[in-house]
Each structure stands twice: as C-alpha cells, then as structure tokens.
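Numbering follows my numbering, with no gaps: position 13 of the sequence shown is 13.
Possibly wrong hints are sitting among the right ones.
[What the hints assert, rightly or not] Here are the computed lysine to any residue pairs in the SDA-like style, where the Cα-Cα straight-line distance is at most 20 angstroms: (1) K16 with G86; (2) K29 with E151; (3) K175 with R235; (4) K29 with A106; (5) K153 with D59; (6) K102 with R56; (7) K153 with R26; (8) K102 with L54; (9) K153 with S71; (10) K102 with D59; (11) K102 with P214.
[Stated by the list, open to error] Have a look at the derived ranges for each label pair, beta carbon to beta carbon: (12) H253 with R84: 45 to 53 angstroms; (13) G203 with A251: 34 to 42 angstroms; (14) P70 with Q50: 34 to 42 angstroms.
Hints listed in this document are in silico derivations from the structure and should not be mistaken for laboratory results.
C-beta: ideal position from N, C-alpha, C; glycine also.
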Amino acid sequence: MSRPLVGISACRRQIKAWTIHSVGDRYIKAVVEAVTATPILLPAVGVGEQGLDLDRILDAVDGVLLTGSPSNVEPLHYGGRDPRPGVAADPARDSTTLPVIKGAIARGIPLLAICRGIQEVNVALGGTLHAHVEEIPGRMDHRSPRVDNLEAKVAPAHAIDITAGGLLQRITGLKRAEVNSLHGQGIAQVAPGARIEAVAPDGQVEAISLPDAPGFMLAVQWHPEHRALENPLSRAIFHAFGEACRAHMAARHGLPLRAAAE
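Please construct the entire structure, taking both the sequences and the accompanying hints into account.
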C-alpha cells in the first residue's frame, strides 16, 4: 500500500516581480521522514470556483499540515483591530486555510498545525488572537531572536507545561519540555471546544487540541519541524500524526491498518 497523502499549506509571497507559492523545506522533510507520508502542496488560491476544489482535495488527502509563516492572520477574521503598517499579511493563505481547517475537522481528517497554523485553527473555530503578544502585560517576547544563524533562531527559548491527561501528554509521555519560539501573534481567547494542551511560563497558550473532533487534531505554537527526528517531543508529535494519517488512509480504502502501513 502506498504512503498516506498529506496536504501542506503554502504561503503566497512576492519576490520582486514574481508571485510564488512556497513551503519551507523542513516541513516537507518532516512529512517525508518523520510522518512517513507523501507531501502535496496546497497553493494559497482560496477555495471555490476560482480556487481549490475543497471537496476534491479533502477526498484525496489523509492528513493536513499547516505550516508557520512570516505573515500574520488578518484581524478581520477574528474581530481584531486593523493591522499596523508594515505587518506582513497573506490574505490568499487565510482564504485557503480557514475553510480547509473547517472541512478537514468535519471529515475527521488528521490535522497538525504549526505556529501560524495554531493561530489559523483557533480563528477558524471561533477564537481570537493577540496581534502582538510582547505588548500584553506579563507576557514575554515570543518573537524570533534577531540573529542570522538558523540554528540559533530555532534553539530552545522557553519551557512549556503540558496539560496532564491531554492529547500532547498521551503521545509524548512528557509533563514539561523546552521549545523554540518564533511568533508575534498568539492565542488570546481559546476557541469554543478547544482544549489547552500546553502553556508557556507567562501563561501564553502553546498548544491546543479538539477533544470532540472525529479525527486527530493538534496545534502547536512552536516549530517541531526543526530536528523532527532528533528531538523526542518533535518525533512523538510527527509519529502520532503519521499514525493517524495511516489509520485514515486504511479506513478510506477499507483496509486493515497493518495493510496500510506496508
């Protein structure tokens, strides 16, 4: 049996005169190597007649991975204030990922969301965001370190306390972990029905799940795609997502799970 198919959200970016749809290499490698799945790109073109055929996409995939991005979710989607000048946005991605999230969850398609992805999930489900976490009294600066070295950027930045008995603790066996931090936006009001799976020392929500969802749904604020196979926390997250994708593929094809893994 072939590997499960995982749709990866792309960003729409402008590089000089060229408009491109991009996915970071580490997300793709994480899907191939840690999830053990086949990745396909979901371009940021919206859904509907002029965009993605959402039903056809969701008929085909066994999982969805929402990536991080330099851009912010636009405040109009969660009742926030107009963004400040110079704040990066990607309205094409918003118009793609928000309906993809709702459709995937409704169908029980496994969903793993990273960084911008957790913000998209929270907004899609009715939650709100802080546009600038560092300006909230009592919160630390969660933004990326201002260094050129990539490994320094993605080095552990703070601890997280993992909710006892939650999904994240069940799949990792951990009560506490160290994670990187590269975000300016962050969850404010948690979406109805979502469960907090981890928090930073300052109280900022770092992971959520959806206990009543028909399929696997985990969203994290940090970037587990860096050192996806070497870091125990990252490895456990991608393994659990991969197992859920294989189970979905087996059910979709009417096969026993063992056959889907072969």
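A quick look at each hint next to the structure:
no.	hint	verdict
1	K16 with G86	17 angstroms, holds
2	K29 with E151	17 angstroms, holds
3	K175 with R235	16 angstroms, holds
4	K29 with A106	27 angstroms, violated
5	K153 with D59	37 angstroms, violated
6	K102 with R56	15 angstroms, holds
7	K153 with R26	14 angstroms, holds
8	K102 with L54	11 angstroms, holds
9	K153 with S71	17 angstroms, holds
10	K102 with D59	14 angstroms, holds
11	K102 with P214	12 angstroms, holds
12	H253 with R84: 45 to 53 angstroms	49 angstroms, holds
13	G203 with A251: 34 to 42 angstroms	38 angstroms, holds
14	P70 with Q50: 34 to 42 angstroms	25 angstroms, violated
Hints 4, 5, 14 from the list above are not met by this structure, while the remaining hints are.
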